[in-house]
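Trainee: Sequences and hints are given; from them, build the entire structure.
Protein chains in written order, with the working numbering: chain A, 1 to 429; chain B, 1 to 429.
Take the hints with a grain of salt, since some may be wrong.
When chains are identical, the list treats them as one kind, so a pair holds in a single copy or across two.
Taking lysine-lysine pairs in the DSS-like style, the calculated list, with each CA pair at most 25 Å apart, reads [what the hints assert, rightly or not]:
{"hint": "1", "residue 1": "K69", "residue 2": "K8"}
{"hint": "2", "residue 1": "K52", "residue 2": "K312"}
{"hint": "3", "residue 1": "K154", "residue 2": "K69"}
{"hint": "4", "residue 1": "K97", "residue 2": "K191"}
{"hint": "5", "residue 1": "K8", "residue 2": "K154"}
{"hint": "6", "residue 1": "K154", "residue 2": "K268"}
{"hint": "7", "residue 1": "K96", "residue 2": "K367"}
{"hint": "8", "residue 1": "K242", "residue 2": "K420"}
{"hint": "9", "residue 1": "K52", "residue 2": "K191"}
{"hint": "10", "residue 1": "K97", "residue 2": "K8"}
{"hint": "11", "residue 1": "K191", "residue 2": "K206"}
{"hint": "12", "residue 1": "K96", "residue 2": "K420"}
{"hint": "13", "residue 1": "K8", "residue 2": "K206"}
{"hint": "14", "residue 1": "K312", "residue 2": "K154"}
{"hint": "15", "residue 1": "K282", "residue 2": "K96"}
{"hint": "16", "residue 1": "K379", "residue 2": "K97"}
{"hint": "17", "residue 1": "K367", "residue 2": "K97"}
{"hint": "18", "residue 1": "K69", "residue 2": "K52"}
{"hint": "19", "residue 1": "K379", "residue 2": "K420"}
{"hint": "20", "residue 1": "K206", "residue 2": "K175"}
What the hints contain is simulated information worked out from the structure, not anything from laboratory work.
So the chains spell out like this:
Number of protein chains: 2
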Amino acid sequence: MANFRTVKGFRDLFPEDCALRNYIFDTWRQVARRYGFVEYEGPVIESTDLYKKKSGDEITAQLFCFEDKGGRDISLRPEVTPTLARMATARQRDYKKPMKWFQVGSCFRYEEPQEGRSREFIQFNADILGDAGQGSDAELVALAVDVMLAFGIKAEDFTIRLSNRQIWTQFLMEKNVPEEHWTTFLSIIDKIERARPEDTAEKLSKTGLTLEEVRGFMASVDGGHPIFASLRADLEARDLWKYVRIDATIVRGLAYYTGMVFEVFDLKHGLRAVAGGGRYDKLCALISDGGVDMPSAGFAMGDVVLGILLSKTPGAQMGITEYLNAQMGVEAYVVVADEAQRGPALAAVQALRSAGVKVDFSMSAQKVGKQFQAAESQKARFAVVFGAEYPQVQLKNLVSREQALVAADALVATLQEALKLPVMGPLIA
Amino acid sequence: MANFRTVKGFRDLFPEDCALRNYIFDTWRQVARRYGFVEYEGPVIESTDLYKKKSGDEITAQLFCFEDKGGRDISLRPEVTPTLARMATARQRDYKKPMKWFQVGSCFRYEEPQEGRSREFIQFNADILGDAGQGSDAELVALAVDVMLAFGIKAEDFTIRLSNRQIWTQFLMEKNVPEEHWTTFLSIIDKIERARPEDTAEKLSKTGLTLEEVRGFMASVDGGHPIFASLRADLEARDLWKYVRIDATIVRGLAYYTGMVFEVFDLKHGLRAVAGGGRYDKLCALISDGGVDMPSAGFAMGDVVLGILLSKTPGAQMGITEYLNAQMGVEAYVVVADEAQRGPALAAVQALRSAGVKVDFSMSAQKVGKQFQAAESQKARFAVVFGAEYPQVQLKNLVSREQALVAADALVATLQEALKLPVMGPLIA
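Mentor: So this is what it looks like as structure tokens:
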């Protein structure tokens, strides 16, 4: 029997990876709550039907779908928006509109693993349901910007490429392009930057359009279009418009978008989009079979591309280091220098932890030197030594190397105070 | 087309449910970190082989298993210990022993949904790898106790029922019961409290034992057994032994336990076990095909039974209420009383949020009364009104009903100070 491995496309998060993931989670949550969003979560499994035709062909082709033992056709969720629409329409009477909801959790796509893509990934989803105004669109773009800034990713590192599907709907109507060509047309626009011009021209010709007229229209949109006026005024008032570029090539792959669409891109490394979203005014009605008509908009940010960008952005490192140090270590390490004092040492460990102090110790007899090594490897700021001096104990600041004898029954109060002092300051106030 | 529903056995977490889940997550993480545990996470999908014969028949019968598009036989994880053993043995050279690792995430079992059981549930797993001593066993029991206490579940509400599989191994050897009957025997002991005595006696007779000798032995163990001496001394030093009852009927269903085993039970409501675990000294060697021999122990606590117990325990409510209020609301609500001031109001919203204040506002024009209603429903402590007085704004304490005029450009500093004052104290220091 060979050793077991992770299934292809899946990831193990060892403690250092998990701490980075937690930093990403905490930052997402903190910024979303600052915006008045509340968190929800759906099941990671849904009926496959929920995704068919709702999410578009690209996603349904990548579904992790199977039949459960009860014969149900179910899928690991490839995205969260259909779940959100299902939940929100089922209980919308219970919540005041607009509903500002966010979510953090795993999604799954069966695609070829590569840098920036794994089969299980984590998404942050933020949506505003029950409001059709551009104020909601602006609030979502602002949230996306502030999330990036909270990670230490600055104006020179990223941009929001923003458009609106309606400018293309209007264009296609003006040009009398029959509606059955619209989806094909949007997928041509989606790929226009990467495709060879002659291929794009040929594909366009089937819709009766020329590359020149499309390019001309795109240039006019990128220079400014009345559809963005109110969104722009809102974001300018927040001094956030500087992060936005109008870009008519942004149409988003998903079938359900109806209005504003945007993607967040890094500016230095040519990575895939860090986040993307838009307005989907018809999805709730579709999911609830016409029962609940709730105009909505939202965006999702994944952890994989974001993680790569964080690792490549020097300005993002300080926040990560600070968080990891706080999460991976302990504050104090109790050293049992004399096994006869293990009982009082255990009592002290318990008392310190009950007081909220992060404490570790050696659970079996160990040489004192080994115990101090463990204290250092766990980044403990203080060591407390239980030895011959008991009922007094040695309190050592492992950073400043100062030490003092303290009565064991005053240890909790003394250590709590000492933890409030500056790292290199006096050992005891 | 009918409305979509959750797949049978799966749960939606609406914001109020999700806040409770987050309270449970945060409490688990906080206590585990206080004990010096570090967090890891594995994939929710593993090769089905990883569970076959490792977890025991009960779990493999309930596997959510399927074939992926690449023909792999994979399963949604029913528990996390095999993943942990796979990860830890693969990278054990990189970590100092003992490794104190914890995890929080979804698991899946295909069993009939009922109170206390759903097909997707969340587990907290805490394990100590690379240490064979009873000091590790004690550390895990202590962690389980402190987690319960951190939830406001007290000595009168729960107990730890603890045993050791070796007492049965010794008993079976003394009684010359052939090894092929041991698994059957342990499953008889596992059910002895619920089964009819005559059925138990009949089953036991096939192993050559009588109910009387088994009962006699159990009574002697429950009164005290030398195998528990060191664990007991450790937990007595921490003043935690009072939460423990020796109970020889605890054997745990999983196949891989080799020593100490325990379960956490509520004392008032007869619920299923809240948590359970034990020592599994051979699992790492089994998973790594003999490559890494790493004695280990751990326990898991699920969110479902714990959630029911929390809802039935009055002492647990205060912590929940406090957490939910902090998580579900905002600190300030910006009221746009005059749409001409929307620009400065948006600038203030942005400045407050950038300063870390949780702020909401109406994203479209609304009557002032409606905006105040929204402020109250979001539990905002302060309202800031942008109206005719601009560039001054009204700062209102929505709890004490006091109010004051503040210069808009002093708003951030003033509100940050006001948020530090007692809720019913003066509006401005």
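Trainee: Confirm or reject each hint.
Mentor: Results of checking the hints against the structure:
Taking the shortest alpha-carbon separations for K69 and K8, both the intra-copy value of 24 Å and the inter-copy value of 11 Å come in at or below 25 Å. For the homomeric pair K52 and K312, neither the shortest alpha-carbon distance inside one copy (37 Å) nor that between copies (41 Å) is at most 25 Å. Taking the shortest alpha-carbon separations for K154 and K69, neither the intra-copy value of 50 Å nor the inter-copy value of 41 Å comes in at or below 25 Å. Neither within a single protomer nor between protomers do K97 and K191 lie at most 25 Å apart by alpha-carbon distance, with minima of 36 Å and 52 Å respectively.
Proximity of K8 and K154 under a CA criterion of 25 Å is satisfied in neither setting, with 35 Å inside one chain copy and 45 Å between copies. When the C-alpha separation of K154 and K268 is checked against a cutoff of 25 Å, the pair qualifies only within one copy, where the shortest distance is 12 Å, while the shortest distance between copies is 55 Å. When the C-alpha separation of K96 and K367 is checked against a cutoff of 25 Å, the pair qualifies only between copies, where the shortest distance is 15 Å, while the shortest distance within a copy is 62 Å. Proximity of K242 to K420 under the C-alpha cut-off of 25 Å is found in neither arrangement, the shortest distances being 41 Å within a copy and 33 Å between copies.
Within a single copy, K52 and K191 get their C-alpha atoms as close as 23 Å, which meets the 25 Å cut-off; across copies the closest is 46 Å, which misses it. For the homomeric pair K97 and K8, neither the shortest alpha-carbon distance inside one copy (42 Å) nor that between copies (29 Å) is at most 25 Å. Proximity of K191 to K206 under the C-alpha cut-off of 25 Å is restricted to the intra-copy arrangement: shortest distance 16 Å within a copy versus 72 Å between copies. For the homomeric pair K96 and K420, neither the shortest alpha-carbon distance inside one copy (43 Å) nor that between copies (29 Å) is at most 25 Å.
Taking the closest pair of Cα atoms, K8 and K206 never come within 25 Å of each other, the shortest separation being 40 Å inside a single copy and 46 Å across copies. Taking the shortest Cα distances, K312 and K154 sit within 25 Å of each other inside one copy (13 Å), while across copies they are farther apart (48 Å). Taking the shortest Cα distances, K282 and K96 sit within 25 Å of each other inside one copy (19 Å), while across copies they are farther apart (55 Å). Proximity of K379 to K97 under the C-alpha cut-off of 25 Å is restricted to the inter-copy arrangement: shortest distance 16 Å between copies versus 48 Å within a copy.
Taking CA atoms no more than 25 Å apart as the test, K367 paired with K97 passes between copies only; the shortest distance there is 15 Å, against 63 Å inside one copy. In the homo-oligomer, the alpha carbons of K69 and K52 lie at most 25 Å apart both inside one protomer (21 Å) and across protomers (18 Å), since each shortest distance falls under that limit. Proximity of K379 to K420 under the C-alpha cut-off of 25 Å is restricted to the intra-copy arrangement: shortest distance 17 Å within a copy versus 32 Å between copies. Taking the closest pair of Cα atoms, K206 and K175 come within 25 Å of each other only inside a single copy of the chain (13 Å); across copies the shortest separation is 86 Å, beyond that limit.
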